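For chain A, the structure is supplied; the task is to place chains B and C on it using the hints.
Chains as they are written, first to last, in this note's numbering: chain A, 1 to 256; chain B, 1001 to 1215; chain C, 2001 to 2218.
In short, the hints are calculated from the structure, not lab data.
Don't take every hint at face value.
[As the list claims (entries may be wrong)] DSBU-like cross-link-like pairs, simulated, lysine-lysine; straight-line CA separation at most 30 Å:
1. A:Lys24 <-> B:Lys1117
2. A:Lys24 <-> A:Lys73
3. B:Lys1156 <-> C:Lys2135
4. A:Lys135 <-> B:Lys1133
5. A:Lys135 <-> A:Lys166
Being a predicted model, the structure only gives us computed values, none of them experimental.
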Amino acid sequence: MSDKSHFVEIRHAQKSFGALEVLKDISLNVERGQIVAIIGPSGSGKSTLLRAINDLDPLTGGEVWLDGVQVNKNLPHRQYEKHINEMRQDVGMVFQHFNLFPHLTARENVTMAPKMLKGLSSAEADKLAEEQLEKVGMLDRIEYYPSRLSGGQKQRVAIARALAMKPKLMLFDEATSALDPELVDEVNAVMKKLAEEHMTMIIVTHEMDFAASVCDRVLFMDQGVVVEEGPPSVVFKNPSKDRTKEFLRKHLAGAN
Amino acid sequence: MDIDLMLRVYPFFLEAAWTTILLSVLTALLGLTMGTLGAAARLSRFAVLRFIGAAYVSFFRGTPALIQLFILYFGGPQIGIQLDAFEAGVIGLGINAGAYMTETIRGAIISIDKGQKEAGRTLGLSNWQSFYKITLPQAGRLMVRPLGVNLNMLIKATALVAAISVVELTYTAQRYIGSTYKPFEMFLLAGILYMIIIYATGRGVAWLDRKVQIT
Amino acid sequence: MGLDFTVVPAHLDIILLGCAWTIGIAVAAALLSFFGGIVFAVIALYAPWIIRQPFRLLEWVFMGTPLLLQLFLIYFGLVQIGIDLPAFVAGIIGLGLHFAVYNSELIQTAILSVDKGQMEAARTVGLSRGQALRKVVIPQAVRDVIPPIGNNMIALLKDSALVSVIGVSELTLSAQRAIGATYRPFEFYLVAALFYYAINLCMEWVQRRIERRIAISR
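Next up, chain A with everything else stripped away, as it sits in the complex (with noise of 0.2 Å):
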């Protein structure tokens, strides 16, 4: 429990597929209230790594601690699904493709984890599902089903289904990559939203602009490694690596 002052910690997280190694030693720590974001090409290992948070895309090597607790724990199935579980209820997670429960209206999409997980009354969880909506700015469209839609107001309910378990960690992989350029930003207001409440978020984004204006530090991740981390005016201004300063380029041009 020495290191136990770090929220979040990734120690020598390795992953391979077969041959294939997608991480390589990468080691990370992320304070309370903290917001991180992890740039990078494509397959550059940024999701894997996000996805090995809440072991999703379990680690081949390394170790994930959250607040004092590891969550790759080695423990037999039956023990390690009930220890994941709890963890999981803690750490929300915002998809690129929203993976709303297309069977049931936004009100239930939030209200489902919190009745079954924590035990809430209907009554609780509408109240809860009420909450979490109007502050993602959906509660007029609370009894609408996720087909009825745009893909802006998906992944805002995803997000209110998401803060409706209370999570002490939120993980976004490309919550906006999926929108259309003008739905974008209402994804990100919310996002800006959370940061001024100081929720902790760990952010794998293409947007640029986004995350030098909301986080406090941005990882550039290339090849499964950290090539490059610091205070976003550093990274994005001063870059010290040729590889990131290359991809910097491009993506700014692009963005321009």
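Below, chains B and C alone, put in the same frame as chain A:
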């Protein structure tokens, strides 16, 4: 066309139609049970169960239902399974239909996007919870139509039990063709009753399909 | 009573002969169902109303009633109107027509999904409607429809067991003959099942190869 004869014998056909309906209902229930178990086996994380499920589907879909029925009814006593013709019909056809339904159910389940289950898991739901709260309700809606096709086939397949002398519609038609030498009239009587059963079932399936869709 | 498979080899010759009959009947019925399916599809889509509508009703009857019942109708019906055909011919006709109706459904859908522009293009170069159908539309539709027709043909093989009921000495009836001599139903029906299974596996293998070739040719 001998209308008089048809009017004289139709009560026997009507009675036989009830046997066909009962046979269909029981076979469908057994088929659904076997199909659910088969799909569970084929999607299991244990290789042995997956193999058993695949072998079940392959053998029962790869050989004639009539032969399966004969093995059970005529061959059963040799291995200590003594069934009357009706029981053998229900069990034989039910196991056969189960093999087809296994594939229908499994197909619907695997067609649900993997992201759905992932989203459930990240909220903290267990594997089973995310299956029955997220994957299954969606797959269930997709299954209605193809299971309806299985049901349609199953109703027509109940005619096979005529070959082991269960007195249902086809057997009755066959018997009256033999005694009256009026094949067309007898076919018409049995055919109309089959088409009523099949049409009504089809309407029922369409109704259910409409009812479960998300608006 | 128990099981005793040592009785099987002595009767294998009957079983093999039955197997040959099954294959022959299935091939003949398959050909009938394929070409019959094309003809039926064209009638159902393009014949004048007065022919088309009764024909569709007939198709509907064929799809709504069991094959076994249809076999009884054809076998005894032909006798009644004075055509005394051997049972195996009646069996081939029954199986062939039954599956022709199912194939026709597939072919109709395929014809309708061939681009309308294809027919128009054929007509603009001066082909008649019939020529355009024969030379342009149907060949494309048939190619689209070969994989699902393959499934129907596999179903046809299995359903060919039903013609044993009208007395055709194919595989199933041959097994029954052997059983009559030995009183060993389990063994001989299982052997027959394995023969069907083997033919079935061969057909699936051929089907996969054909599908791959079609996939490549696109």
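Evaluated hints:
Between Lys24 (chain A) and Lys1117 (chain B) the CA atoms are separated by roughly 28 Å; this keeps the pair inside 30 Å, and the hint holds. In summary, the hint linking Lys24 (chain A) to Lys73 (chain A) is supported, as the alpha carbons are separated by about 20 Å, within the 30 Å threshold. Distance restraint check for Lys1156 (chain B) and Lys2135 (chain C): the Cα-Cα separation of roughly 37 Å exceeds the 30 Å cut-off, and the hinted pair is therefore not satisfied. The hinted pair formed by Lys135 (chain A) and Lys1133 (chain B) meets the criterion: a straight-line CA distance of about 26 Å does not exceed 30 Å.
Proposed proximity of Lys135 (chain A) and Lys166 (chain A) is supported: the alpha carbons are some 13 Å apart, at most 30 Å.
Of the numbered hints listed earlier, the single one contradicted by the structure is hint 3.
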